[in-house]
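Trainee: Start from chain A and add chain B according to the hints.
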Amino acid sequence: MQFGIFSVGDVTTDPTTGRTPSEGERIDAMVRIALKAEEVGLDVFATGEHHNPPFVPSSPTTMLGYIAARTERLVLSTATTLITTNDPVKIAEDYAMLQHLAGGRVDLMMGRGNTGPVYPWFGQDIRQGVPLAVENYHLLHRLWREDVVNWEGKFRTPLQGFTSTPRPLDGVPPFVWHGSIRSPEIAEQAAYYGDGFFHNNIFWPAEHTKRMVDLYRRRYEHYGHGRADQAIVGLGGQVFMRRNSQDAVREFRPYFDNAPVYGHGPSLEDFTRETPLTVGSPQQVIDRTLRFREDFGDYQRQLFLMDHAGLPLKTVLEQLDLLGEEVVPVLRREFAAGRPAHVPDAPTHAGLLAAEQDRAALQTAEEEK
Amino acid sequence: MTEPRITAVSAGLSVPSSTRLLADRLTGAADRALRERGAAPAAEAVELRDHAHALTDNLLTGFPSGDLKAAVDAASRADGLIAVTPIFNASYSGLFKTFFDVLEEGALQGTPVLIAATGGTPRHSLALEHALRPMFAYLRAVTVPTAVYAASEDWGAGGAAHGGLASRIDRAAGEFADLVAGRSAAARPDPYDEPVPFERLLSGE
Chain A
1 MQFGIFSVGD
11 VTTDPTTGRT
21 PSEGERIDAM
31 VRIALKAEEV
41 GLDVFATGEH
51 HNPPFVPSSP
61 TTMLGYIAAR
71 TERLVLSTAT
81 TLITTNDPVK
91 IAEDYAMLQH
101 LAGGRVDLMM
111 GRGNTGPVYP
121 WFGQDIRQGV
131 PLAVENYHLL
141 HRLWREDVVN
151 WEGKFRTPLQ
161 GFTSTPRPLD
171 GVPPFVWHGS
181 IRSPEIAEQA
191 AYYGDGFFHN
201 NIFWPAEHTK
211 RMVDLYRRRY
221 EHYGHGRADQ
231 AIVGLGGQVF
241 MRRNSQDAVR
251 EFRPYFDNAP
261 VYGHGPSLED
271 FTRETPLTVG
281 SPQQVIDRTL
291 RFREDFGDYQ
301 RQLFLMDHAG
311 LPLKTVLEQL
321 DLLGEEVVPV
331 LRREFAAGRP
341 AHVPDAPTHA
351 GLLAAEQDRA
361 ALQTAEEEK
Chain B
1 MTEPRITAVS
11 AGLSVPSSTR
21 LLADRLTGAA
31 DRALRERGAA
41 PAAEAVELRD
51 HAHALTDNLL
61 TGFPSGDLKA
71 AVDAASRADG
81 LIAVTPIFNA
91 SYSGLFKTFF
101 DVLEEGALQG
111 TPVLIAATGG
121 TPRHSLALEH
131 ALRPMFAYLR
141 AVTVPTAVYA
151 ASEDWGAGGA
161 AHGGLASRID
171 RAAGEFADLV
181 AGRSAAARPD
191 PYDEPVPFER
201 LLSGE
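Line order of the protein sequences matches chains A and B. Under the working numbering, the letters of the first sequence match residues 1 to 369, in that order. Under the working numbering, the letters of the second sequence match residues 1 to 205, in that order.
Incorrect hints may appear among the rest.
Under 7 Å between C-beta atoms, here's a sample of chain B residues computed to sit facing chain A [to be verified]:
#: 1; residue: D57
#: 2; residue: L60
#: 3; residue: T61
#: 4; residue: F63
#: 5; residue: S65
#: 6; residue: P191
#: 7; residue: Y192
#: 8; residue: P195
#: 9; residue: F198
#: 10; residue: L201
#: 11; residue: L202
Calculated lysine-lysine pairs in the DSBU-like style (CA-CA distance at most 35 Å, straight line) [said to hold, decoys possible]:
#: 12; chain 1: B; residue 1: K97; chain 2: B; residue 2: K69
#: 13; chain 1: A; residue 1: K90; chain 2: A; residue 2: K154
#: 14; chain 1: A; residue 1: K210; chain 2: A; residue 2: K154
#: 15; chain 1: B; residue 1: K69; chain 2: A; residue 2: K210
#: 16; chain 1: A; residue 1: K90; chain 2: A; residue 2: K210
#: 17; chain 1: B; residue 1: K97; chain 2: A; residue 2: K210
In case anyone wonders, no lab produced these hints; they're calculated from the structure. By construction, the Cβ of each residue, glycine as well, lies at the ideal position given by its N, Cα and C atoms.
If we strip away everything but chain A, and leave its shape as in the complex, we get:
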């Protein structure tokens, strides 16, 4: 099982000091957070993609390429890549390039985005969100698997004799997750391709998340990729920790109360009860996260949202120390215990390459017979 963090990349005023970081400071903070993730033994860093203030990460492969050069083990991912408004040809090229530079430590998560004006800014129509996600991803899927693509669709100019370069590293496309909070079409899409399904699991009660995950698992089996409990599931989570849980609540409350997403709405206590948000001791985070398995089955990737709502970098780095040193080692051990042998690990480049080589060897053996 993989553990990591995902960042929205918001520039938010620290409500306790009134200080707002510059874009440059926030970009630098995201990089330092990613490096820290590797240092404390986490597996994955994923960045959001946004094209409007107050968010900085508009160019994920630039940022991830830089982080790739300064890390050795960390898997670099996105949360999410806008499959609706990006040209799928450019996604194919950008992430294949990143895959080469990062030695295969790359996967990505497709999403539709939640900012209405981004669609018209990029020449698209938000009412076509799902059809765009379906058609664009289908083209992207082909571009990474077919050397020469002839293609015609509704949303982009046709392609004749097109080869996306560079070709994926070792001929193995980056693994793809599809993220959606509540669109059954996206769970269906992930299941159809045998790709991963990620639920951000942060803003909604578990019963909503469970409906999406259950649908994806059932349809994964329907499309013949394996059993439902072998489908590739990723979940988000949101935590704030101090050794003493009262200290965590006291310190996090002003950030919660003023957070851009849910601030000035429900109380911290209400939101903690209704959603997976956990504010407390490392042990409370461990207990709550372990319960995800009861709700959603054994899964492959757990990402935490740690740097948002104006939390200062120093605090976020302290949080990552706690996460890496006290929480994740226990989660690794506990999630491994009782995990059925047929439940796969999260796909990695090495694993996908080995599977591809096995398949090729089998095919050669068949042909020789």
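Mentor: Coordinates of chain B only, in the frame set by chain A:
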């Protein structure tokens, strides 16, 4: 015998409120009218004042928390809805609108709705026609032809006389009962149980 679920949503702010009083009168009349038509209705009252904070939270977080979830479900699953609001500034109250703003898209599609309102003066009665009825039309609900407005003075007026409050309540309840009783209980497909197969999504149908 059918057992239609009737949900009465009222948005009065005081306790007790004349809005709730009107909702209860309509619920009672609808219950009698449905029984006359051979049905055995089960009625549930949703008092929006009780969910005022949760409704604001829902606007900000996107999901109904706690008891509001049950209220939202009661409205969404109803076979017939009675919706009563005080008239503020020539329209429904903000609390009333907020409740219908947080329902899932299509939640009231095809649902018979009896619209009613209260106000201090009868001069605001047409707010039912220019504010409530268009909103429910937009939600693809089926509004009952008679909308019931109760001004303060109606509570002291003779009820039985033609055109009085009691006769308006009975006429609206009868129309409502006809719609509810005549409605086939068409279950809406659950997109999580029955997803659109991907080949169809891919073909752009």
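Trainee: Now tell me if each hint is right for this structure.
Mentor: Taking the hints in turn, this is what the structure says about them:
no., hint, result
1, D57, "holds, 4 Å"
2, L60, "holds, 3 Å"
3, T61, "holds, 5 Å"
4, F63, "holds, 5 Å"
5, S65, "holds, 5 Å"
6, P191, "holds, 4 Å"
7, Y192, "holds, 5 Å"
8, P195, "holds, 5 Å"
9, F198, "holds, 4 Å"
10, L201, "holds, 5 Å"
11, L202, "holds, 6 Å"
12, B:K97 <-> B:K69, "holds, 17 Å"
13, A:K90 <-> A:K154, "holds, 17 Å"
14, A:K210 <-> A:K154, "holds, 33 Å"
15, B:K69 <-> A:K210, "holds, 17 Å"
16, A:K90 <-> A:K210, "holds, 33 Å"
17, B:K97 <-> A:K210, "holds, 30 Å"
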